[in-house]
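Student: Each of the two chains sits in its own frame; use the hints to bring them together as a complex.
Here the protein sequences line up with chains Y and V, keeping their order.
Take the first sequence: its letters are residues 1 to 103, numbered as in the numbering used here.
Take the second sequence: its letters are residues 1001 to 1891, numbered as in the numbering used here.
Bear in mind the hints are in silico, worked out from the structure with no lab data behind them.
Backbone N, C-alpha and C fix where the C-beta goes; we use that ideal spot for every residue, glycine too.
There may be inaccurate statements among the hints.
To be verified - Residues of chain V clear of chain Y, computed beta-carbon distances all greater than 10 Å:
1. Asp-1021
2. Ser-1024
3. Ala-1146
4. Asn-1149
5. Pro-1282
6. Ser-1440
7. Glu-1559
8. Pro-1593
9. Thr-1613
10. Val-1623
11. Asp-1630
12. Leu-1652
13. Gly-1720
14. Ser-1817
To be verified - Some residues of chain Y that are not near chain V, with every Cβ distance over 10 Å (derived):
15. Gly-20
16. Arg-29
17. Gly-43
18. Arg-51
19. Lys-55
20. Gly-56
21. Thr-80
22. Val-81
23. Ser-85
24. Ala-98
25. Val-101
Stated by the list, open to error - Across the chosen pairs, the derived CB separations fall in these ranges:
26. V:Trp-1083 x Y:Ala-17: 31 to 41 Å
27. V:Arg-1056 x Y:His-91: 53 to 63 Å
28. V:Gly-1392 x Y:Tyr-4: 30 to 40 Å
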Amino acid sequence: MPAYLGEFEQLVLLALARLGEDAYGVTIRAILMERTKRKPSFGAIYSTLRRMEEKGLVRSFQGEPEAVRGGRAKKYVALTVRGRSALREAHGAVVRMAEGVSL
Amino acid sequence: MRALLDFLLRILLSVGRSDGDRVSLLGDLEEERRARLGSSRGRFATSAWYAAEICRAFAWGLRDAVATSDLRQRRSAMVMFSWPDIKLGLRLLLKNPGLTAVSSVGIAVGIAITAGMFGFIRATFAPTLPLDEGARIVALENWDIAKNNENRQSLHDFVTWRDQMTSVVEISAFRTIAATMQTGDRLPETVRVAAMSPSGFRVARVSPLVGRSLTPDDEREAAPAVVVIGYDVWQSRFAQDRSVIGQQLRLGNTQHTIVGVMPEGFGFPVNHQYWIVLRANPSSYVRGAGPALFVFGRLAQGATMASAQAELAVIGERAAAAFPATNATLKPQVLDYTKPINDIQDTNIGTMVMMQLTFSLVLIVVALNVAVLLYARTATRRGEIAVRTALGASRGRIVSQFFIEALILALLPAMLGLALGQYALGIGNGILAQELGGASPFWLDDGIQPSTMLYVLGLVVVTAAIAGVLPALHATRRGSGADLRQLGGSTGMRLGRMWNALIIVQVAFAVAVLPAAIKIGLNETRTSLTQPNYPADEFVGFAVATGNEANPLGHRLLELKRRLQAEPRVAGVTFTASRPPRDRGRIEVEGVPVAGVPTTTGFNRVTTFGIDTDFLDVHGLRVVAGRSFDALDATATNKPVIVDRSFTRRFLHGQSAVGRRIRYAASTPNGQPSPWYEIVGVAENLQRNPIDPDAVSPTLLYPVAPEQASGIGVAVRLRGSAASQMDEGFARRLHQILAAIDPGLRMSEIRARAEAGGQDALVIRLVALAVSLVLLTVLLFSAAGVYSLMSFTVAQRKREIGIRAALGASSLSLLRSIFSRVAVQVAIGVVLGAIGSVAIAPATAGAALAGRLAIVTPVIALTMMIVGVIAAYGPARRSLRIQPTEALRGE
Chain Y
1 MPAYLGEFEQ
11 LVLLALARLG
21 EDAYGVTIRA
31 ILMERTKRKP
41 SFGAIYSTLR
51 RMEEKGLVRS
61 FQGEPEAVRG
71 GRAKKYVALT
81 VRGRSALREA
91 HGAVVRMAEG
101 VSL
Chain V
1001 MRALLDFLLR
1011 ILLSVGRSDG
1021 DRVSLLGDLE
1031 EERRARLGSS
1041 RGRFATSAWY
1051 AAEICRAFAW
1061 GLRDAVATSD
1071 LRQRRSAMVM
1081 FSWPDIKLGL
1091 RLLLKNPGLT
1101 AVSSVGIAVG
1111 IAITAGMFGF
1121 IRATFAPTLP
1131 LDEGARIVAL
1141 ENWDIAKNNE
1151 NRQSLHDFVT
1161 WRDQMTSVVE
1171 ISAFRTIAAT
1181 MQTGDRLPET
1191 VRVAAMSPSG
1201 FRVARVSPLV
1211 GRSLTPDDER
1221 EAAPAVVVIG
1231 YDVWQSRFAQ
1241 DRSVIGQQLR
1251 LGNTQHTIVG
1261 VMPEGFGFPV
1271 NHQYWIVLRA
1281 NPSSYVRGAG
1291 PALFVFGRLA
1301 QGATMASAQA
1311 ELAVIGERAA
1321 AAFPATNATL
1331 KPQVLDYTKP
1341 INDIQDTNIG
1351 TMVMMQLTFS
1361 LVLIVVALNV
1371 AVLLYARTAT
1381 RRGEIAVRTA
1391 LGASRGRIVS
1401 QFFIEALILA
1411 LLPAMLGLAL
1421 GQYALGIGNG
1431 ILAQELGGAS
1441 PFWLDDGIQP
1451 STMLYVLGLV
1461 VVTAAIAGVL
1471 PALHATRRGS
1481 GADLRQLGGS
1491 TGMRLGRMWN
1501 ALIIVQVAFA
1511 VAVLPAAIKI
1521 GLNETRTSLT
1531 QPNYPADEFV
1541 GFAVATGNEA
1551 NPLGHRLLEL
1561 KRRLQAEPRV
1571 AGVTFTASRP
1581 PRDRGRIEVE
1591 GVPVAGVPTT
1601 TGFNRVTTFG
1611 IDTDFLDVHG
1621 LRVVAGRSFD
1631 ALDATATNKP
1641 VIVDRSFTRR
1651 FLHGQSAVGR
1661 RIRYAASTPN
1671 GQPSPWYEIV
1681 GVAENLQRNP
1691 IDPDAVSPTL
1701 LYPVAPEQAS
1711 GIGVAVRLRG
1721 SAASQMDEGF
1731 ARRLHQILAA
1741 IDPGLRMSEI
1751 RARAEAGGQD
1761 ALVIRLVALA
1771 VSLVLLTVLL
1781 FSAAGVYSLM
1791 SFTVAQRKRE
1801 IGIRAALGAS
1811 SLSLLRSIFS
1821 RVAVQVAIGV
1831 VLGAIGSVAI
1841 APATAGAALA
1851 GRLAIVTPVI
1861 ALTMMIVGVI
1871 AAYGPARRSL
1881 RIQPTEALRG
1891 E
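Same shape as in the complex, but just chain V (with noise of 0.2 Å):
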């Protein structure tokens, strides 16, 4: 961070100054400012005192270059902050509305897209700890190269590293523990606590905003249970009274004497808000066995990631030879901090390039767009061109001249775009912590970072310099023939190759892209309006879990179950649970050979879970065929389960579905397929689509004994309108009857059924709508450009044409002759268009030729053409219309 502001300092300080100044401004700036922080002055006031003299600095070299610019002295002054320049480029902006409408689109979703991705990539893969020398936290970790994975049961090889390590120091340790929490008489909420070793707060650099940290002494056997919590909590839960310290706090069943305070915004090692001592003896386990850990320390003074790495890996080979049964296949590893904890261990610097690279290609494709309906414009301007190269302006200075232009119509949607791909971060942010359980990860800022801002101005830049650049370097090339000849109306320039190929690229992107980009659009929104079939608005549901796999809930579901049922304003209650896990891929029916199945993508990806008996009684969702499922079921050999009408239309084709089975089939070549599943019932779909039935995922249904889990979803229906009901008291009910059962039951957050899959058509309205902001940017560019260089095309044979028609040629003949060309064009493009859609057809699963869809590509291919004549129409007109001797006086 601090390479990249010196960087934007000496872009903004070389303005108007030479080398020799810049450095000595700089070194002037710094000597007072640390002379500034020696003195009483707080760190704020000379951070921001810094800020002001840098823009007053910037501003004085802008003065000094404007007042300085003289061609002959000083060019690249003059070319950068010429006034009448940008006043040219802001009228030209007014002069072509059509134009600047169309560039500006495509250039804001193209910014939004490759800014909005270079955020997300830049805090995904290489974000800045905002710690105290944050880039020098580490995260170490076994790999297992036989599994190719993480192997986090490292609570053995923590302890040595621990001790023998000497180039990462502090080395600590922590894991989240979702408990329940309760303070006085408050509602019980469940919430994520990290048990970390008190190092952990060295490492971070932090200290307490009150009371203590952790200190090594609450790591001993006997030591009472300590708690420190977070700003938030202490905001939120004690009204930020300072007499906090020595409260009690119950985490699950355990009560916790509170110690410390963190400051606002502290949040590590993730984003927690509880933190407790993490004990876990190594003498407990055996080696490989224990809690999934994840380790992590500080560079010591000196080491580098290199050298902790070859330290780590001679401890690694060492502990390899004296536990080879556990440790032969782990290879530990010095990580930055957050790639273990976003699961990204294997992608390096390189692959981050590239996945920019890739997306700002968006942009490039845009720019080129730019340049060609630019490239019209700039056509018409040959008498301009020609005037100022007659009153001594090089080609330097023009080609500087729309370059300016391009920058003045690239800037402002440039702004629009980098706040559309802020507002989507913002957005993915959103998502990533709600997978996180529900707060960001500390090091997450949702503001505009400066690196996004100096990425989305090069991005400006090389948009401007495509878009304004090519074009004028087109037109102002030697032998061009711009002369002043030109100011009488004829535009002289020919169109090149490039031009031409540029329309058949153009129609042949739109051919090839478009369908199967539709098809996407299309299948989001038509997902978007997918609800349940049944009252979803009377449910509410939440989890219930012991926490521990081996700790089935057992009777106190059922007891669970009881109470809830006697609850006055329940309905019904019943429970989920998950699939068994090797149950995915494709599935096969007993009797129709493999490839008469379809397989299970797309929207016949088959949504299963497991239910209770009276799952379907309490969503009033009939049976149609067949029965519903009794108690014994699910322990019954025939393994039975209920498919919804959507699965038998889909797999069975509509046959009859009782009494035949199904199966997983085996996803890898020598994998088992699961076992053979009766389908003993066909109850009505669980979702419906008002548009399309074809939208509704398939649903498969397993029984379980929901007591034998040990986590499971409860669904709750009231009587009446779930929302309405959804208060503090509702809510604090149910945590009482779950704590009068057993307190140490976890509970995730009870939410209204209908609120939250709100939630999730949320971003699938999202996703939707920019699918379709790109199509349209697409197809607009695609038809603009089709549309102006047609139109300039034909604008440029006006004269030929009006010879022929005054030699006698017939109307008809000669359109023919003028249509017959676009034609030509947009077949090429067609074509080759269709071909590259087949090309990418693999990439797209089929999208682009199936179904329905396959219309998609000639309605394109007719859009074109008919834009295409549109666009030739007028000029052509125009040209019939034309006088012979008007014809021949440009001669």
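Chain Y extracted, bound-state conformation (with noise of 0.2 Å):
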């Protein structure tokens, strides 16, 4: 069964796409304000990610503890096959829905 997408979490496959190796909370969040101009919660980031991981759309690492994180390691995140594929799905779909409408 095809994964569809919502919006938020287009975005959220987008800024991973964007930030290929580098993607975890605090970077995702901030490609997300510079360019959405939204300011999301972690809280929204990371229950978005959990959702999109359980459906396999990424997948996710442990980074080493750090001490600027308080001992506490990253956790980074990476498109999957599947999660790109559904990115490209749900891209095509909106692209195809705006066609011919005046916006």
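Tutor: See the structure below:
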């Protein structure tokens, strides 16, 4: 069954695609703030990531603990093949729907 | 505090998340927080952002947990956040209003007591100093092992510690001085001044708001006298005028120049608003003498309390070897900063935990009572349990539902209890502030602390676990016979030994504890009704002291009296002074065996003080036998005293008192009794009580020559009501008179006598209210518990009763059989309770079975019996009316 994506999920996946190997909570939030002018909370980002990980759209791995984080490790996140294709699908659907519509 | 906060965060963020997610989320928040602090964003804005992020993260976690709640996949999430369970819990609250009300009152009172005590113990024994790295500020103190007390005359040791210690730095000292403060032509007032080493400000790490704090330069002998003032003083006396720097302020006889203003909330070292330099030169005092100092400092980088203690112990041993005469018995110790101030040097964390556990027991008892009440309700829901089991609910699922219901039942009263406890704590803090000179210590925070909230949350969970889970476990245990037949109306549940025992314990507890508690409550109430037996509303009082015991008031006092009497609105002036210090304890009457004289405890506690010769006249109290004091009595060799009627009634059994001699017995086996005092007069009672003359404490009055004392209480009787004349003009006039005689004399706040008495009465009434509240709760619970279990037991026997009635048993014999069981249970409880009340009698000073209160025990026993009978009567009557066919249908 194809995975349908919500709007915020699409934005987060796009952030992951942009960030590549450096995608974790702080950088994801920063790029979303920079490009969408929204201020998503960390709670929202983590909930979205967890949901997408359960659907197999993203995968995560732990980094090393760092002093600047109070000795806590980062959780890096990356797109899976399935995630990338779901993103492509969703984006295509939006483009097709918008075709010929004056906004 | 930091650890506690982390713990709280971990709990909040773990909802609906895995451990890995929680850790990295916390890491992200921390990283972002530091970045924000590093940028231009303020500390406050960052904290607000952080708190908001935590709340949002919690909300998202909660949403996830609810969204994914599926009994098969995520049972734990379902257990915690099942909305139907919560709705059912709320419905049940409304369905059983009686049970809800009784449980709520009990839980609220239980939480109020435990949370109030938690707040008090935390604030007293382990407060957090709201200063930068406040936990590293420590006190240094000599402990005299011979006297088992602290020794604060440690000027020489203070200098040694300051010069030699490396694990504690910025070692400073302070002492509190009471001084009359005056600025400009404003009304003078007595204030508490901290004479402190300038380094004390560095220990606190707080910069002045305006000007500067004290510097080492100010310590020089020739340096001009300077003072730093607090924010409150700056606001109230100087209207926040920034040009206050350089202005003059008189403390006692010395003019000081104001050099700085400290920021709002700064009260270091305790609750001070004035700081001057501590001038104590060791060369002026021999070792072991000098002013009493409080020494403190900051733990050095890398040092711990233990390493500082080890270093100080070595220094102490060296001092003991070098100065055996003064230091041999002194053991210097490093303590938490507030311990010596609160005088709790010898308490440790274990004592604290034990105290808290003891108070937490109150709530456990309450929770058990609620469990008893809920048990009876659970029994009526057997059919529902059976249906749920048949539909596939596990035992854990059902138990968790009962837990949620109990949680909902406990939450609202817990909040009420928290508010009540906080209110009581506020009053306690107010009393502490009074004792410390009018202001709370700077570390006391009246708001609800996160730790208290966390503790209450824990208590609520424990209460819900006991009250909800215990009955549910019992109702759902294997072989308890939960099946769908119960839908027909029979409960089928048997009352086990545990619940029978609970009825007995319930009754026993009420019988054992209530009489003593009632006596205490009554005593408090009676005491609160005691009033002065003279027109107190015409009196104002204040204290005058020279501040030096070696410097008696002398002619200054006679001058003060003369000038006050010349005032047009003054009707009379008299003085009181404190009693000789060793005169306390048991009273002996000459020629009467010791055993024949009551002990001076409870209402027999003797009020004693020294009075001026015209004290009784000014107060309008008549001498009913013998004579009043004259000028020679203060030095007379027969040591004359005057007692009041209450004294003669209590200690002399109403016999003629004049001419008899009394003394205070030795307080220790080897101690000396006081000298004999001859009673020369009997005065009217100084107090009266409209409902009970016994509640008036007996009074013993000594003659004193007030001018020989260094501190006295002045009572001024005005013409007409004192309260209406207590305006600023009058207070100013008194200050003027005193300042004209000697500006160095200290004067306390002037208060109308009735107002001062009113505050004491308020405290007593509050105590009476608290005791009554607890009493009411215990009684309510006992009665409700007995009622619900009794009615449940009888309802269970409905079928048996019906069958026996069908077989021809008479109503009388059936009722006898029902009530005999009730009677046996209550009787066992009463007997055990009576034994218990005898056992606790020594602890309550014999209150349990003493005097007229002996009647209370049978009354309570009777109450329990009546409650039991009423509870059994309704179901029994219904059972007697049952048709035999109906009774047999269940089989």
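Student: Sort out which numbered hints this structure fails and list those numbers smallest first.
Tutor: Hints 1, 2, 16, 17, 18, 27 not satisfied by this model.
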